[in-house]
Amino acid sequence: DSGVTQTPKHLITATGQRVTLRCSPRSGDLSVYWYQQSLDQGLQFLIQYYNGEERAKGNILERFSAQQFPDLHSELNLSSLELGDSALYFCASSVGRTVVNSPLHFGNGTRLTVT
Amino acid sequence: SQKIEQNSEALNIQEGKTATLTCNYTNYSPAYLQWYRQDPGRGPVFLLLIRENEKEKRKERLKVTFDTTLKQSLFHITASQPADSATYLCALDNYGQNFVFGPGTRLSVLP
Chain A
803 DSGVTQTPKH LITATGQRVT LRCSPRSGDL SVYWYQQSLD QGLQFLIQYY NGEERAKGNI
863 LERFSAQQFP DLHSELNLSS LELGDSALYF CASSVGRTVV NSPLHFGNGT RLTVT
Chain W
-6 SQKIEQNSEA LNIQEGKTAT LTCNYTNYSP AYLQWYRQDP GRGPVFLLLI RENEKEKRKE
54 RLKVTFDTTL KQSLFHITAS QPADSATYLC ALDNYGQNFV FGPGTRLSVL P
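One line per chain: the protein sequences are A and W, in this order. Letter by letter, the first sequence follows residues 803 to 917 of the numbering used here. Letter by letter, the second sequence follows residues -6 to 104 of the numbering used here.
Please keep in mind that the hints were generated in silico from the structure rather than gathered at the bench. Glycine residues also receive a C-beta, built at the ideal position from the N, C-alpha and C atoms.
Chain A regions said to be covered by chain W (calculated; three or more residues, Cβ under 8 angstroms):
{"#": "1", "segment": "835 to 845"}
{"#": "2", "segment": "850 to 862"}
{"#": "3", "segment": "889 to 900"}
{"#": "4", "segment": "906 to 912"}
Sequences and hints are given; from them, build the entire structure.
Here it is in structure tokens:
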């Protein structure tokens, strides 16, 4: 058990809708990362927050947004959903502000299906 | 352009043999490289981290090498067991901003 909790485990929704994915990091970890994993793209970095502030941005679409709250949990909001957004969304956490020598601890993901 | 390649999509080996997985990268200069294991429907699990100035790192039956000249990391599992069957991902630091993951190699250890 990594200590990272993601909810919900599964989400089925229709195109055009908006959903919120939630992540609670491992106790003591200040950084939260969001990754998207699809069959053809592998694990793609979306965004990182450190102690409530956005620290790094990857291939995150404008329709997607995230935030980290004072209690360090994070939410990823996906709006105007398209079929191509169907994927596994992972949250990971680490102790430090930078990733360089900190392992990432992943949750078990939210599987999003857009119909 | 930047690219990370892992030797093959799938690798089948016989139980007891050594599995060797390859991670090659182009146009990155990672100071750190990590290996993760991912089981179906689960998140990746951290296995090993190696720094650019370390040639080799070991942990139980696992060994990782990192050659910055060849731009390659090798991941070995000795005395492999069916329970080692999983997808293995290499990840390298992208100028300290985040970790970029390779596409993974699906390893099957046959009894």
